[in-house]
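Novice: Protein chains in written order, with our numbering: chain C, 1 to 310; chain Y, 1 to 310; chain U, 1 to 310.
There could be a bad hint or two in this list.
Copies of the same chain look alike in the list, so a pair counts if it works inside one copy or between any two.
Under the rule of at most 30 Å between Cα atoms (straight-line distance), these lysine-lysine pairs were calculated in the DSS-like manner [stated by the list, open to error]:
#1 260 to 303
#2 272 to 111
#3 272 to 225
#4 260 to 165
#5 278 to 49
#6 278 to 165
I should point out that these hints are in silico values taken from the structure, not numbers from a laboratory. Computed from a prediction, not measured in an experiment: that's the story for all the values here.
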Amino acid sequence: MKLPRLHTLQEIAGIVQCSYAGADDFPITGINEIHQVEQGDIVFVDHPKYYDKALQCAASVIIINKQVDCPEGKALIFSEDPFSTYNQLTKHFSPWALPLENRGHNVIVGKNCIIHPTVVMGNNVTIGDNCIIHPGVVFYNDITLGNDVIVHANCVIGSEAFYYKNRPEGREKMHTVGTVIIEEHVEIGAACTIDRGVSGPTFIGARTKIDNHVHVGHDTVIGKKCLFAAQVGIAGCVKIEDEVILWGQVGVPSDIHIGKGAVVLGQSGITKDLEGGKTYFGSPAEEARSKFRELALIRKLPKAIETLGL
Amino acid sequence: MKLPRLHTLQEIAGIVQCSYAGADDFPITGINEIHQVEQGDIVFVDHPKYYDKALQCAASVIIINKQVDCPEGKALIFSEDPFSTYNQLTKHFSPWALPLENRGHNVIVGKNCIIHPTVVMGNNVTIGDNCIIHPGVVFYNDITLGNDVIVHANCVIGSEAFYYKNRPEGREKMHTVGTVIIEEHVEIGAACTIDRGVSGPTFIGARTKIDNHVHVGHDTVIGKKCLFAAQVGIAGCVKIEDEVILWGQVGVPSDIHIGKGAVVLGQSGITKDLEGGKTYFGSPAEEARSKFRELALIRKLPKAIETLGL
Amino acid sequence: MKLPRLHTLQEIAGIVQCSYAGADDFPITGINEIHQVEQGDIVFVDHPKYYDKALQCAASVIIINKQVDCPEGKALIFSEDPFSTYNQLTKHFSPWALPLENRGHNVIVGKNCIIHPTVVMGNNVTIGDNCIIHPGVVFYNDITLGNDVIVHANCVIGSEAFYYKNRPEGREKMHTVGTVIIEEHVEIGAACTIDRGVSGPTFIGARTKIDNHVHVGHDTVIGKKCLFAAQVGIAGCVKIEDEVILWGQVGVPSDIHIGKGAVVLGQSGITKDLEGGKTYFGSPAEEARSKFRELALIRKLPKAIETLGL
Chain C
1 MKLPRLHTLQ
11 EIAGIVQCSY
21 AGADDFPITG
31 INEIHQVEQG
41 DIVFVDHPKY
51 YDKALQCAAS
61 VIIINKQVDC
71 PEGKALIFSE
81 DPFSTYNQLT
91 KHFSPWALPL
101 ENRGHNVIVG
111 KNCIIHPTVV
121 MGNNVTIGDN
131 CIIHPGVVFY
141 NDITLGNDVI
151 VHANCVIGSE
161 AFYYKNRPEG
171 REKMHTVGTV
181 IIEEHVEIGA
191 ACTIDRGVSG
201 PTFIGARTKI
211 DNHVHVGHDT
221 VIGKKCLFAA
231 QVGIAGCVKI
241 EDEVILWGQV
251 GVPSDIHIGK
261 GAVVLGQSGI
271 TKDLEGGKTY
281 FGSPAEEARS
291 KFRELALIRK
301 LPKAIETLGL
Chain Y
1 MKLPRLHTLQ
11 EIAGIVQCSY
21 AGADDFPITG
31 INEIHQVEQG
41 DIVFVDHPKY
51 YDKALQCAAS
61 VIIINKQVDC
71 PEGKALIFSE
81 DPFSTYNQLT
91 KHFSPWALPL
101 ENRGHNVIVG
111 KNCIIHPTVV
121 MGNNVTIGDN
131 CIIHPGVVFY
141 NDITLGNDVI
151 VHANCVIGSE
161 AFYYKNRPEG
171 REKMHTVGTV
181 IIEEHVEIGA
191 ACTIDRGVSG
201 PTFIGARTKI
211 DNHVHVGHDT
221 VIGKKCLFAA
231 QVGIAGCVKI
241 EDEVILWGQV
251 GVPSDIHIGK
261 GAVVLGQSGI
271 TKDLEGGKTY
281 FGSPAEEARS
291 KFRELALIRK
301 LPKAIETLGL
Chain U
1 MKLPRLHTLQ
11 EIAGIVQCSY
21 AGADDFPITG
31 INEIHQVEQG
41 DIVFVDHPKY
51 YDKALQCAAS
61 VIIINKQVDC
71 PEGKALIFSE
81 DPFSTYNQLT
91 KHFSPWALPL
101 ENRGHNVIVG
111 KNCIIHPTVV
121 MGNNVTIGDN
131 CIIHPGVVFY
141 NDITLGNDVI
151 VHANCVIGSE
161 AFYYKNRPEG
171 REKMHTVGTV
181 IIEEHVEIGA
191 ACTIDRGVSG
201 PTFIGARTKI
211 DNHVHVGHDT
221 VIGKKCLFAA
231 QVGIAGCVKI
241 EDEVILWGQV
251 GVPSDIHIGK
261 GAVVLGQSGI
271 TKDLEGGKTY
281 FGSPAEEARS
291 KFRELALIRK
301 LPKAIETLGL
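Only chain C is shown next, with the shape it has when bound in the complex (with noise of 0.2 Å):
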């Protein structure tokens, strides 16, 4: 997320109530998570494990629970429990709020919409022109749809990122503060969930098209004309390159890249990224032909079997 103005280093920590190095006047000017961040933008790390890939990142600010030596050109934000301050940060610059009307505020619909008056819509919503939104929709806040997009009834677009730290009284929700882009010409089946990223975008190209009951998890990038049938499900931090096809059921899970124009048959379950332009078929995925190949081979098994004297 953006903040809404530039703000300086003290002010940042004094929000958190926070000892950091860096100048005094160290412009900041958004907050996001590793996946996503930019120049000017404030990262949070607690794991020894990533300390180097996050005082290394494109982020200007990093929230540390440990002293060590500002990068050049950085600031640091010191913290014990930097999943906190970090989600303190957000909830003060996006404090969470259902508005309680079918409406919220900043909602901008384009030229020949037809929405449904039971469909509900968050605040900073804003719809393109000739988009048709059926029944029972619900947009939660910060949803952007292009021009001539369809979203099918009952379905729940920018809900909150199942994402949570573990600690030992429990998870802690990690507050959701990101937007859904929905570019044009996409339409969505009935029944489907889009979640918000948990502070930059969940993304939808140009010209996809998705069937009923399909899940897309939080800060997931989805390509053009992409096609994904019933029931598929998408985890969160998930990049799918354009002309994507999932048959029906597949299932991806987190931080999985697929390249340009794969094919993923029905019921298919992806456990590692996917080269472009091949067909993959089974749980765990591997290429259709060799997949078909293992089958019939494993149509053998009785007679190895009984040949073996086993």
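Once you have looked at the hints, place chains Y and U on chain C.
Specialist: Frame of chain C, contents of chains Y and U only:
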């Protein structure tokens, strides 16, 4: 779909501005996809592979992108893009119109029904006697329910077919003008989606019981007394006979036929037609007995590989 | 379910017009399914296979379709069709009634809750303090939420059990009279469905976190601090202990027991009870280590089949 009155070939060709072969007053009574056609119907074909099938099917008028001889007793409409011409006709006779109220035109509700005020009904919705429709259910247009039907909360009945023509610039949507017909004593669990047929009905036979989160695609025909557990996904154009049981999370791709009384165990993925009266398991699904035997043999693999010194 | 006041055997037998064995004033306090019974309860049994189990269970009164000797300290009600007699009783004491307003009778909401006006609540719904209920959520009757519970948009909490008795003329519905109890700090993702118990509670323990599109069946008991990813399906009468993690699209059939801290990897299908503290994978699910070893061995199959000359 049936036309509101008999039309002549000349009238229809005039609507889409196409040349034709056949008598000016050749009678036309409907428009249908090739899976659903009967005498008097218009059908379309745009691929040489399917020319013969379309010219010989039950339809009386074929929209075609080649100058072929007109079969005896039929008529032809010539179009460079039969898919678009067909869509143009269905849009002409059934322009999409989501009513912006909670009750559309021509809604007929039987005796002793309990219908929650949050239920949304499109145009041409007929509900039998003694039906219970729970909160948040959305009926699109052209839905018929028999007597004693129960539909649980947040279901979507009659959403549009997931059916696109692939074009260089992206997928073009097939205009949905079909119906959903649900017979008596059917119960549909919470958050299910039943799509309308493209031009004919999606059909659910009497006394079939469906659990939560089940998806049924366009033009699928389901028999009587079936039982589908939660999260089953059934694609379009599937034919399921009476008394079939699909356990949880089973997936059925399009154009599959499942025989009477077949039982498919949980998470199975069907890839070919299934004979009735048998039990199936696996993804791809096979007869359960042979699949279980195969699984038992796989457990002997370590010994086999060791024996072979591999 | 508990009866609104203590009833006598004579009163109860009078309601269902059945003969009985036991003192006229034998005290009855509840009606429950065999999974849930305690002293004072009525239970039913209609199959010789389960006669002994029912006669020896904790229930005090057994509705049975055979003239057997009455066990010491218990009572019997004789019926040719115990399922119908049982349903007749539950309907008598808890006649189904979907309130036709957005708030039913006896709705109690705690302090500092944010409940969207589109939320529908049946009768006897109790919401704790600091709860957030997003748009489009439907609560059926008899639901209790602890403090600090979040329910995301378009969830259905308390739908009816998918439980039928097979009859020659079709399946007869078990009348649902149970409850849902959700403890404090539970979060439930968008478009989830949690069915009520048949006569007792469906239970979700404190601090359990559930992602989108998850289904939980009737009478299932889920422990504390569990984590269920998107599209997990859990059938009825399942017992899941504390701190269990089920990754995306996992399926759990009815009557399964999963031990504390078990982890089940994505798309796994459980077929037997799972010991706690271990990681499982596959459909059917096995311990992940042995399943991965098996998958590695299968990759050696081509070589093995070649070696054997098959």
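Novice: Would you mind marking each hint as holding or not holding in the structure?
Specialist: Status of the hints after comparison with the structure:
With identical chains, the CA atoms of residue 260 and residue 303 are never at most 30 Å apart, being 41 Å at best within one copy and 33 Å at best between copies. In this homomeric assembly, residue 272 and residue 111 never come within 30 Å of each other (Cα to Cα): the closest approach is 43 Å inside a single copy and 46 Å across copies. For a Cα distance limit of 30 Å, the shortest separation of residue 272 from residue 225 qualifies both inside one copy, at 22 Å, and across copies, at 28 Å. Within a single copy, residue 260 and residue 165 get their C-alpha atoms only as close as 33 Å, which misses the 30 Å cut-off; across copies the closest is 20 Å, which meets it.
Taking identical chains as interchangeable, the C-alpha atoms of residue 278 and residue 49 lie at most 30 Å apart only when they sit on different chains, with a minimum of 25 Å there against 34 Å within one chain. Taking CA atoms no more than 30 Å apart as the test, residue 278 paired with residue 165 passes between copies only; the shortest distance there is 21 Å, against 36 Å inside one copy.
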